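Dock chain Y against the given chain R, drawing on the hints supplied.
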Amino acid sequence: MKLRMVHCTTYVYTDAVTTSHHEARLTPRDGEHQRALTHELTITPEPKTRRRRFDYFGNRVVHFSLSESHRELEIVSQSEVEVSPGRVPELATTPPWEDVRDHLRNTRQRDALDAFAMCMDSPYVVRFAELAEYAAPSFTPRRPILQAVRELVSRVYTDFTYDPRATEVSTPLSDVLQHRRGVCQDFAHLVIGCLRTQGLAGRYVSGYLLTHPPPGKTRLVGADASHAWLSTFVPDHGWVDFDPTNDLIPAGEHVTVAYGRDFSDVTPIRGVILGGGKHQLRVAVDVVQTE
Amino acid sequence: MPKPMSADSHATPASTLAQSYEAPANVYDELKAADGSLRSHWQALLSRLDSLGAAGLDRRLEKARHLLHENGVSYNVYGDPQGMERPWSLSPVPVLHSADEWQRVEIGLAQRARLLDALLQDVYGPQRVLLEGLLPPELIFGNPHFLRACHGMSVPRERWLPLYCADLVRLPDGSFAVLEDRTQAPSGAGYALENRIVISSALPEAFRECGIERLSLFFRALRDTLQWLAPHNRDNPRIVLLTSGPYNATYFEQAYLAQYLSYTLVNGGDLTVRNDHVYLKTLSGLQPVDVILRRINDDYSDPLELRPESVLGTPGLVQAARQGNVAIANPLGTGLLQTPALLPFIAGLCKALLGEELLLPSVRSYWCGERWALREGIASFSDVVVRRSFPQGFVQPVLTAQLTSDARAELLRAIEARPEQYVIQERVHASTTPTFTEHTLSPRALVMRCFAVAGRDDYVVMPGALSRTADAGEGTEASMQLGAGSKDTWVLSRGSVTNFSLLPPVDRPVPLSRGGSALPSRATDNLYWLGRYAERAEGVARLARVVCGRLNDLVNQNDLEHSPEFVALLRALSTQTSLNYTGGLVVSDSVDLASAQAQLIAAVTDETGPGTLRSCVSSALRAGRLVRDRISTDTWRVLAALDDELRIDDAALEREPMGTLLDVLNRVVLRLAAFSGLAIDSMTRGHAWRFLDMGRRLERAMTLLMLLRSTLTQRCERGTPLLEAVLEVADSSMTYRRRYLARLQLPPVVDLLLTDETNPRSVIYQLDALTRHLEALPPAPDGLRSPQERIALGVLTELKLCDIEWLCTPRPAGDRPRLSQYLLELGARIPALSDSLSDRYLNHATVSRHLGEGDRAPSSLVAASRGDEP
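Quick mapping for you: the protein sequence lines, in order, are chains R and Y.
At position 16 of the first sequence (counting the first as 1) the number is 16 in this note's numbering, and the numbers step up by one without a gap.
At position 530 of the second sequence (counting the first as 1) the number is 530 in this note's numbering, and the numbers step up by one without a gap.
Hints are computed from structural coordinates only; laboratory data are not their basis.
Here the structure is a predicted model, which means the values were calculated and not measured.
It is possible that part of the hints are untrue.
Unchecked claim - Now the stretches of chain Y that chain R is said to cover, found in silico as 3 or more residues with beta-carbon under 8 Å: (1) 132–144; (2) 147–153; (3) 265–276.
Stated by the list, open to error - Straight-line alpha carbon distances no greater than 35 Å define the calculated DSBU-like cross-link-like pairs of lysine-lysine that follow: (4) 48/R - 278/R; (5) 278/R - 281/Y; (6) 48/R - 2/R; (7) 281/Y - 48/R; (8) 217/R - 2/R; (9) 63/Y - 32/Y.
Every residue, glycine too, gets a C-beta built ideally from N, C-alpha and C.
Bound conformation, chain R alone (with noise of 0.2 Å):
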């Protein structure tokens, strides 16, 4: 299946800018369970300075900044995705999760170390009692890992309620975890957080998400938004990706954009900027399947 993303971004400044500099992580990566065919940035004004490079977690990033005094700076990133669906071993058949959180711990190898560096706290997602207390019923003894998960982020599903204006992005986790109520973020760090309470390894995924208009309607141009989930590494398998907004394991209709230890390391579009007074800003996001 090919899609096809156009994710557009609008500053608004209410006076001059006259120096800004720019991160851009807007670039799909490529993957077992995508390829990137296309992509496109296109920014305006034109940078004088444009970089594109990878980062730690080699994510593209594109770097750039403007020196040139301006009151609008739009960021416009259409990129062209083949999906398809995951290989997802059998839940009941992955290892006890003692064994996981011990094979973390004690293996040094490169896929395991990196692993293990998704097990410890992050600018975000920072471990507490609470959320340990949270995770455990979950994580009973010799529980094969990819169940326990399963039934984690359908916990979430359950006990949490979707609402974009009960938190914003520096709502700290203990309040979601206290109100019940966020955002796909927040669900992603939440349950990024409970796997690290259990020394398992909880890796946030910046991308989009192919919607469905409801039954009789026609699809709204734009209305899409960037989604975020969350994966956990399995031995010998690999990362495994769950989506606790929608209570699924994503399959072929995630697009990742790029993966950190939580939201500070993939944020979309990061800025500095002198001047510009008060600003305003706009994003459209359109994903349509083209295969």
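For chain Y alone, kept in the frame of chain R given last:
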């Protein structure tokens, strides 16, 4: 040069000072061996100290204190509301090390530095130490100072650790051990240098006789290294010292080092990144920067890629470093190794990475993230030191022996809950060294901060250290934050001492230059405000002095009622000190003596009012501190002395208020005159001087307009004494008398103070000077007259054309509305000139803002990027 004393410990001559010194048992003492004999390398110093005697030493101690105070050596203490600058405390008796024992320190430090350099290279590269199990991954991946943005970067000359410093203690067996490694932005070398300068002039004879290694060798090596690291312009790179600002604990040192090494002192906002290159914003445009000596924490240095909330940093700096366009010493990311959790692994890493046995061991430490280490560490929990593995900012180590048993149990629970966050260290018994207190030598526990800089081949270790002392028995956690004392550290030379100073070598021709180093816009801003506050202080001081003199003459209320001119002067003073210029004038017709006195005292000493003498001087001092590297030591001394003058003894003020105040004001006026004299005489006529002088001129014009308006536009019964007073405040009595003899009248006074181009105290003189300064500044790109030039010329022309007689004609009621209106309008245009000047030249100081995460604005990027459910 005399040779150091031979190492013959039998021939110990009696020393009176040393005799009464009692070294504590069970620790190593630097001065005396276990059998009570004097260690031989101390003999030369002690015989010199003996010949000075206790009284002589007291005098030298006083001299050292005086020098430190005058040089303004200070250390900022966080969270200290009582003025955050704390004076530097220095003992007159240095710590001595023989050449042999120092060599052990040198070799050990250099090895440790090489090891940490190799470790950084690996951690920010292939991470072999993790794959081979040499280091627990938590120490890297769980370490908030591991900057993923810096992974995979290559650094200039592959030097990951250009600067290194370590805190050393000497154990009871006489060997040295490392308490803490510092790899981020090592501080203290400048204090060591200042200590040396002060002690070598307090004890010049001893310094000569002992044959001491010079510190300047180390600083030359530092300068060579920084130049060698430059990716471009290697012959003459621009090197800047990036400060963390005046609120940082070691700001004094940063400014001092910048001056000593002749680097421009900048903060993050002075730099900008264009096209992946770093530039310094100066009055004459952007100047490329090749090397940054960094004193700001790495995670704060770039709000784009590192900590987004940082306002100290320079956006784009990481990218510039990544592209290899700037050398940063130490490179970004090096703060990672500044964790006590690393200490237990150093010996193993040394074998694995360097193939060598570790020469300088760490103090025994346990990282609790390993189960066996946790067990060992808590085995003797009643007397250990507990530290955080990854402290954010300054976190005080905990001595468990000082805790109640409840607190100890609570700490133990915290450790067991998150063991990887804690390090348990053995409590070491540091060596003691003599300090001179209460006319005698007594032992103090010693910690030495030692410094190394990467050379082309190996590390160069400073022959000396910043030694800090704490009361013996208080443990070794001596830190200036905790108010410890400091000492100069003398390393005896093996042979003759290399005399070297940081002045340029003679064999290399120095190109003639009239420029001086680039002036950052921010420094310009502070010089401008230094000029303004100093002048404002002078205006207040002069006016207060005249008011004080008059008040002294008034014996009773009756006198006061017959002195309407006094009320006018008091009004002027209250207007000026509350900066209430554009607002309405405060008119209070009935004043009693007591309240007049209280008002005067408040105008001078009040710390909270914005325009009082005390706050003008504090503001001048604050601005001066930010440009410590731009003003001479003498100028700084004058400023610091001003502040001292205003710390008036309450008792004296109570006893004899007016007499005391008058003395103080006289001295303050004199010191301010010295300040302007130094500025005129000792500063080159560059932009720095120009902005300082513009600040003064502008302020003087404003002050004068304010004075004239608040005194001469109202009806006054006794005009003559008032005119006399105004002339005195404006320092123009002599000129007037010479010109008009004794006939005091209002129009000639106004003419002399407002429009006389030959009087350096007149308003027109200030405007004339300002106009000339403005013409000399870098022109606008279009070559047209700048807005500030237009304002200044406008005011100047108006003053030239002004008809004084017409302006000064009173109404029948006796007031002068024409004059009042004229002064008011003129007075409003000067602040406009100041604003326009700031906009044009000084406002680079705008702080950049972060867009994106952490942004709480409802309509921000965040709202959309958090991914609403499809």
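Results for each hint:
1. 132–144: Since 6 is at least three, the answer is holds.
2. 147–153: Result for this restraint: holds, n = 4.
3. 265–276: holds (count 5)
4. 48/R - 278/R: Holds: residue 48/R and residue 278/R sit about 24 Å apart, inside 35 Å.
5. 278/R - 281/Y: Between residue 278/R and residue 281/Y the Cα gap is close to 25 Å, so the pair holds against 35 Å.
6. 48/R - 2/R: Holds, at roughly 33 Å.
7. 281/Y - 48/R: OK: residue 281/Y and residue 48/R at ~19 Å, within 35 Å.
8. 217/R - 2/R: holds (22 Å)
9. 63/Y - 32/Y: holds (27 Å)
The earlier numbered hints are all upheld by this structure, with none contradicted.
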